[in-house]
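Chemist: Start from the sequences, fold in the hints, and give me the full structure.
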Amino acid sequence: MKIGDRTKDIMNLLKDNKAASVEELAKILYVSPATIRRDLTEMEKAGIVKRTHGGVIYVEKADEVSIYLRQAKNPEEKSMVAYIATHNMPDFSTVFIDNSSTCLALVERLNLRNKTVFTNGLQIALAASQQDNVSIVLPGGEVKYNTTAVHGSLTARMLGEFNYDIAVTSCAGADARGSYESSLEAMEIKKIAMERAKKRILIFDRTKIGQTAPYCTAPLQYYDLVITNASNKEAEPLKKLDKNLVITNF
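Residue 150 in my numbering sits at position 150 of the sequence shown; the count goes up by one each step and never skips.
In short, the hints are calculated from the structure, not lab data.
For clarity, every value in this text was computed on a predicted model and none was experimentally measured.
There is no bait here: all hints are sound.
No more than 25 angstroms apart at the CA atoms, straight line, and that leaves these computed lysine-lysine pairs for PhoX-like:
(1) Lys191 <-> Lys240
(2) Lys50 <-> Lys27
(3) Lys45 <-> Lys144
(4) Lys115 <-> Lys198
Modeler: Following this line, the structure appears as structure tokens:
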């Protein structure tokens, strides 16, 4: 699904109001109800909204929202995190990078020349392929429409056969207890990759602090480095259980 300005406007309106009718959206955005219905049909396929009779409801914690829609959410925050991360990456030759919009922002900035990149994200693989002399390993498995990611038991088994210098993952939310995912499949993929990595790096923007989701991937102490654009004051709740937790920001 291509994210246009109108789709972003619909997302912003629904995030503020949680629900709206087709007629309301058509009036606000100066388009026909038929156009709005087509937009909402595509957005529902992507998992970001749920259609109702005559309207739509915003789905805040959809299991796996399309990476295109996640890219459109807080892009400036993700860019800042990616900038910080590029300046704090340890040396590596092999890296696992998860299928998240924050990691996509990182890949678009990170020097991957002469590196080997393992990922279950189709967009991550495509972005990495834009650089010269990068080896990209994409495991087999099931590709879901709304995630542009490879998932399933085959994916997990293949990723578990490799070793990584670092595993870079993001999350749906983080608090003092750990990092969280909205889907069981995403959690399992990240856990497997982190178990096979020498170092584990968690990156997320400041809006994820205090957010939770159904599946806890790992306690924050499990990561070797936590990278965020949050200020020291904003990140302080994350250190509640471990004052020695290494958090890198500006």
